[in-house]
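Student: In case you want the letters, here they are:
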Amino acid sequence: MNNEQNLRKELEKLQRAVKELSLLNDLARSIGASNKLEKIMQKIISYSLRAVSAEQCTITLVREKSDDPMKTLVRTMVSKAEHDPFHLNQVLLGWMLQNKKPLSVANPQQDKRFSGIKWDMEIKSLLCVPLLVKSKLIGILTAFNKIQAEKFTSEDMRLLGIIAAQSAQIIENARLYEEEKALLRMKEELNLARQIQTDLLPSQIPDVPGYDLAGISVPAESVGGDYFDFIPVDEHRLAVCLGDVSGKGLPAALLMSNLQAIIRSQTMMPGTVSECLERSNKLLYRNTAPHKFATLFFGILDFRSNQFCYASAGHDRPILISANGDIHELETAGLPLGFLEEATYIENCFEFKPDDLLMIYTDGISEAMNKKEEEFGVNRIINFVNRRHDKSAQEVIQGLIEEVKKHANGFPQSDDMTLMVIKKL
Amino acid sequence: MAVKEKIVDDVAVLTISGKLMGGPETWAVHSKVKSLIADKVNKVVIDLSKVKWVNSQGLGMLMSCFTSLKNANGHLKIAGATQKVNSLFMLTRLITVFDTCETADRAVASFHN
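In order, the protein sequences belong to chains A and B. Following the working numbering, the numbering of the first sequence begins with 1 at its first residue and continues without gaps. Following the working numbering, the numbering of the second sequence begins with 1 at its first residue and continues without gaps.
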C-alpha cells in the first residue's frame, strides 16, 4: 500500500513536470513568434492563468527612463476587464522594486506587510513575481485568487517565477522594438516637417532690377523657428522680412509657419510698414499662447525710388555698409510680436546708394559660440562683410555662414542661423 | 545659472546669477514664479545684477513671468539689469513695459511705497 502510494505520488509529480514543461515549451514558442508587445503580454497572461489556476492575471510594466518608477506605471494588461486593480498594482510594484522576489499573500486584509492598504474584498489570495532583465525590474506578473483553494502553493510560485524569467527578456525586446518603431515614425514625420518648412522659404530669390538679393536659413535642429521671406507687393515694390520665433524645434516651426502666413497676408493689405506690423502683431497675439512671441525685421523696398522703409519688432539691428566703408546699424526698436496686443511700431526710411549692402541676421549668427563661450559678435559680422564688398550677395551669406561655423569649430549651436543681404548694384 | 529665493514681507526676490540663455534652467525661473503665484505671492522682484547676458529665450522667459504675474493681478519688477541686458530691453522696447529698478532693495521698497 505504501509503495503504491509512493508510486502514485511519483507519477503525479512526473505528470505535473511533463505538464509544466509542455506548458513552458508552448509559452516559449508562442511568445517567441511575436514581436507585438500587447500580444505577447496577452499570451503570458493566458498561460499563467492556466499554469497556476488563478482567476485573474495582470502584467504591469514600468517605464525605462524615469527617476520615479512608481509614478510611471505605463501599461497594465488584465485578463478580465471588470477588476483592474490599478491601485493595487502600484502597491505591489513598490514592494517589488524594493524586494525583487516572489510574493505570495493569502488573506491580504490580514497581512501586516500591507496594513493601511485598502484591498478589494474580492481578492482572497495573490501571487506576484518580478519581471527582471539583467537584475533590473521591468515589471511584475501577478495572479489573483487561486481557484478552489485558499492560497497559491510554493509550486505555483516556482512555476510563475519560471514563466516570468522566460518572458521578461522577450517583453523587453518587444518593448524596445516598439520604441524603435515609434522613433523611426517620429523621424519620418520630422523629415516631412523639415521638407514642408524648407518649401515655405523662398525657393527662388526674386530678380529685382538694380539689386542683388540673397537669403539663407540654417536650423539648429531638424526644423527651426527662423525664417526669411521676399514678398512682391506690386510691380515696383518688394517686402523683405526676417523673423525669429521663440523656442526651438517643432513648436517653433509651427509658429513660424503661422507667422509667415500672417505677414504674407498683411503685406498684401494697403498700408505702411508699421501698420502691417501692428496688424500682424494683433493677429499673432490672438492666435498664440502668452509666452509665444517672435522678433521680426520687416521692410519694403521701392526699387524705382530706391527708398527702403522698415520697422522692427524687437529684432537685432541690421547693418548697413556703404561703398566708402561707412558702417551704420539701423535705428530700430519695437516690442516683439505676439506679446502685447496694442503694440505700436515706428517706421524709418533711407535711400539705397550704389554698392550699399544691408545685412539682416538673427541672433543665431551674432551669438554663435565656440568652446570658450566666445560669441561671434556683431563686430565679426561687420569685419567679414566689409572686406567682401566686391562679392555677390550669395557669396557674402555663404561665406559668413562658413565663417561662423569656423568660429564655432564644431561646438554645437543651440540656435538657428538666418541671414539676408540686400545689395544695391 | 542659479536662482536664489528670498521673501521680504510679501515680496519674493529671485536673484539669478549666470547667463539666461534658454534651456530648462532658464524656464525654471518661470516655474518658480508660477509656484509663488500658487502660494499667493504675486509681488516678485527678479534681480538680474549677477546676470551676464540674456538671449531671446531668456527674454521670452522674463516676458512669460511678466504675463503670468499680470494675469494673477500681481506685479513684476526687474532689478539691477546690466548695461548689456538693458540694451536688449531697449531694442525690444520692453523697457517701456517692464518695471525696472536699479537695485533689488529699491524694487522691494517701491512695492511698499
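Think of the hints as simulated: they come from the structure by calculation, not from any bench. Treat the hints loosely; a few may be bogus.
Simulated coverage check for chain B against chain A, where a stretch passes if three residues somewhere in it have a Cβ under 8 angstroms from a Cβ of chain A [said to hold, decoys possible]: (1) 50-60; (2) 75-83; (3) 88-99.
The following label-pair restraints were derived from C-beta to C-beta distances [claimed, not checked]: (4) B:K40 / A:V91: 55 to 65 angstroms; (5) B:S49 / A:T344: 25 to 35 angstroms; (6) A:Q204 / B:E5: 27 to 37 angstroms; (7) B:K40 / A:H407: 17 to 27 angstroms; (8) A:R63 / B:E5: 24 to 34 angstroms.
Over 12 angstroms on every C-beta distance to chain B, these chain A residues come out as not near it, computed from the model [to be verified]: (9) L7; (10) D26; (11) Q166; (12) D244; (13) V245; (14) H291; (15) K292.
Glycine is no exception: its CB is placed at the ideal position from the N, C-alpha and C atoms.
Student: Hint by hint, work out which the structure violates, then give me just those numbers in ascending order.
Tutor: 2, 4, 6, 7, 12, 13, 14, 15
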